[in-house]
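J.: Sequence lines, in order, name chains W and S.
Mapping to the numbering used here: the first sequence position 46 is 46, numbers consecutive.
One gets the numbering used here by counting positions in the second sequence from 1 and adding 509 to each.
Hints in this document: simulated from the structure, not taken from any laboratory.
The structure displayed is predicted, hence computed values, not measured ones.
Some hints could be false.
Below 16 Å or equal to it, Euclidean Cα-Cα: the simulated EDC-like pairs (lysine to aspartate or glutamate) are [unchecked claim]:
hint, chain 1, residue 1, chain 2, residue 2
1, W, K162, S, D958
2, S, K952, S, E882
3, W, K162, S, E882
4, S, K816, S, E873
5, W, K383, W, E455
6, W, K162, S, D582
7, S, K816, S, D883
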Amino acid sequence: MWIEALIAVTLASAFAVFLAPNKVAGKLAFALSLLPLVGSLWMYSTYEASGNALLEGSELAFETNFDWVVAGPYALNWHVGLDGISMPLVALTTVLTSLALLASWTPIDERQSQFYGLMLFLEASLLGVFSALDFFLWFVFWEMVLVPMYVLIGVWGGPRRKYAAIKMFVYTNIASLVMFIGFIALVFGLGDSVTTLDMPAVAQALRAGELGSLGPVGAETLKVAAFVAMFAGFAVKVPVVPFHTWLPDAHVEAPTPVSIMLAGVLLKMGTYALLRFNFTMLPEVAQNNAQIIALFAVVSVIYGAMLALAQSDLKRIVAYSSVSSMGYVILGLVAYTLYGMGGATFQMVAHGLISGLMFMSVGVIYNTTHTRMVSDMSGLASKMPITVAVFVAGAFGYMGLPLMAGFAAELFIFLGSFGAFAGSVWFTAAAMFGIVVVAGYLLFAMQRTLFGTFEVETDYEVGPAAFHDVAPLVVLILLVILLGVDPNIFYGMIQDAVNPLVPAAGGGV
Amino acid sequence: MAVELPTWTALGPALVLGLTGLLLLVLDSINPNSTNRGLLAGTATLGSLAAAGLSAWYLFAGTGDDPIRLYQDSLVIDTMSLFFAFVFASVTVLVVVASYDYLRDHSYQAEYYALVSLAATGMTLMAAANSLAVVFVSLELASLPSYALVAILKKNRGSVEAGLKYFLIGALSSSIFAYGISLVYGVTGSMLLPDVASGVGSTELTGVLGIGVMMVLGGFAFKTASVPFHFWAPEAYEGAPAPISAFLSSASKAAGFAVAFRVFTVAFPVEELVTGATAGVDWVLAAQILAVVTMTLGNFAAATQDKVKRMLAYSSIGHAGYVFIGLAALSGGNDEFVLGASMAHLLVYGFMNTGAFLFIGLTEYWSVGRKFEDFNGLSTQAPFACVAMTVFLFSLAGLPPFGGFVSKYFLFAAAVGAGFWWLAAAGAINSALSLYYYSRVVKAMWIEDPSGEFDIESKPVGLYAALAAAAIVTVLLLPGFGPVWQFATDAAAALVA
């Protein structure tokens, strides 16, 4: 019952904060968010599980499974549990939420109790997404994320917040429906061999080849169609080029803490779902079309990086670089090797930490200078050395410097995808070139904003940031370095869960 | 500890509601000029709470497992009638609690509460009616107080006009309905629904029977505000006091469906009239057309409104279309699940739709205004009420994590399971469309900047309590959908077995 407790405590906290007066809401929310944080770290330290949650022969941690709605063929189960893929993401969610709440104290200056309540509500939904193992339950949490996100961007965002919020809502909601239809088509295609929406049951039936035809649609066509529907649905969330256009708008308009959650955790929902649904349930479709998927991945990497290079808004640069980084995850997944899939999962966590760090430092810079335009500032290093140091460290992490989390992740992905399928050498090489572009735009931006003589075109006094603004940055950079130095903190757990998916290791099909 | 009660006590929920109405009239005649509003509202609340509690107790105790027939079979107490009694009684609780504040400065308070209780009695009897005569009488018992309630704001022209319109169309529909009953009686020689069923199989007058069945269907279309008898609904819902709009669009509509479900499954069985060897009256086809036309028309009309209450009125027509799937997808071999899904949706709808109209009641109380723009930035002043409204609207649209999501999911899944995937598709597309106009309200409340000054100095306790209760139940119905689904499918299985 630990997962239920985690979600329930977070929801109860959200409610308490919503009712609290504005003055204390921020501190109360941070204090209450320590409960799920400590809880998830405790779960992490006692984690004992083996195998992949969706496949046979696995032992899940903190699993509960009981009837929710019985009667007839429409049974729903309450089924939650964690394996090596979801446990790190649950921990990432609680860590980033607490830090994002801390980073909200300065920028959020109106309707605080509502803001913090919604942030905690968001956290509860995210925890549900990463732990639910019944499709219906999972979908409930998946859609639950949208509601607070819509309001958070729409109320506390920048000048074009209404446009960005609605665009985000419409894009991702339509994507969810497309995905929903794809998955439900599979379940109906399975006919009587599964009677629930239990994800492990569906995955095992699909891998055992029990898919029949659905009306006039044959099994093979159905598989491909469902794969495409689910891929399209998740690709919007990731986002993969060309489904990415909602993301920069949402990021730029969202307040800093929301950007942190968006880049740090929400995008991972997309890749997590791709791994759980597309790549686990329909592996042969993925493998047969590896080149097409890899093309999406590589285009996202290169195009995202190119777009970042062309931006003059610091936040937009970081936003587009997320498109680029998530492309690596797709490349790692489609490789179907231990390193590729493990690296992809590792990259989800690593990118969560690093992008959170980057958005947070951009937010701190904005709080002090009240501008984000690269052309408006230079020489910040002399005025706010700690923030700038962390920013530089984060950028190095983004570039994949050794001994940082990003390096380990990308190394695994490239090792795994190199030679994994026909033509993969070229795709990997092209993706590796992306790193060069990433380094290019980050160094270029840093050189212009952080170094040189100090000059900022703003009426505000520029000085060191407050302690509560810098502290989360330091925590994050320490975590990034810790994971880079000792990837095995997560990697063993991840490998154990992705191993059964890999054909060469005896899993797969 | 088994408690043996006399069989007439199975009618408890209806009796309690009816006695509450009478008691209110007595209270009023003892002291006609009483200003003790608390006593009146309290009596009505206690009465409807007791009725809701009784029906829930009976449901869980299994009273309806073996149907109890009373008064020479003209009333039947089974799982379905208890299920709907619970829906009506709980909506009544919400409505009377909210009315306490809404009626602050109005006259005719005792009459108001008495009429609400009597209308609820009529609805409860509708769900238990086992004879066409009882159907007609109970339908009138539910309708006549409703006409008066819509027009109870005597100094408000909109209210009076709405009441008149509602009354005229209601009278017309009643006469059509009564004529339909007489034709059915003429063909089958009985008013009792099971006897009608045995009569329709052997008749040769399929033409007369067909006209009769269609006229009966028309009567139900009026009560459920379905096309083509829907056009009274936007006017009546808009003109009526908001709690009455809530009452009519939730409870009264559910009553119409309850009786339609029973009459059409028991008296006009599908295998006799639609799919059997002597089939001649395809009312399932008629229901399919009604379902799709009603949901589409309701949703498109709702999308073009500029007043929130009117939008909700049209959206409630759209919801009638979804519920019609329960009748429209019969004959697909999945009967108990489609019918059960419709009933379950009505229960969830009872809370979310009542809540949405009660929120409108709150804004009328504050004189916020009627248009979408008037709601701009309301959340800065009344965040708690706006959260509740957001819950209702997203639930009506069928978004997780609210009760409306799970009930719509079961409704559409059951339709697909019955082979009517196009009904489910029409429902899903309409649902997606509905998100557009529902989210307009959410956007106005939360995201737009306040356009005018609100004058919100008081937070009425009754309205807030009703809103909070409705919102909490709407959320809890998602995790707690299990028993609802269980009772609904049991009720449906008893009907179509």
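J.: Confirm or reject each hint.
T.: Results for each hint:
1. For a cut-off of 16 Å, the pair hint linking W/K162 to S/D958 stands: about 11 Å separates their Cα positions.
2. About 10 Å separates the Cα atoms of S/K952 and S/E882, which keeps this hinted pair within 16 Å; it holds.
3. Distance check on the hinted pair: W/K162 and S/E882 sit about 15 Å apart at the alpha-carbon level, within 16 Å; holds.
4. For the suggested pair S/K816 and S/E873, the alpha carbons sit about 13 Å apart, so the restraint of at most 16 Å is met.
5. With a C-alpha separation of about 10 Å, the suggested pairing of W/K383 with W/E455 holds against the 16 Å cut-off.
6. Restraint check: the Cα-Cα separation between W/K162 and S/D582 comes to about 60 Å, which exceeds 16 Å; the hinted pair is violated.
7. Restraint check for S/K816 and S/D883: the C-alpha separation of about 9 Å stays at or below 16 Å, so the hint holds.
Hint check: a violation occurs at hint 6 only; the rest are consistent with the structure.
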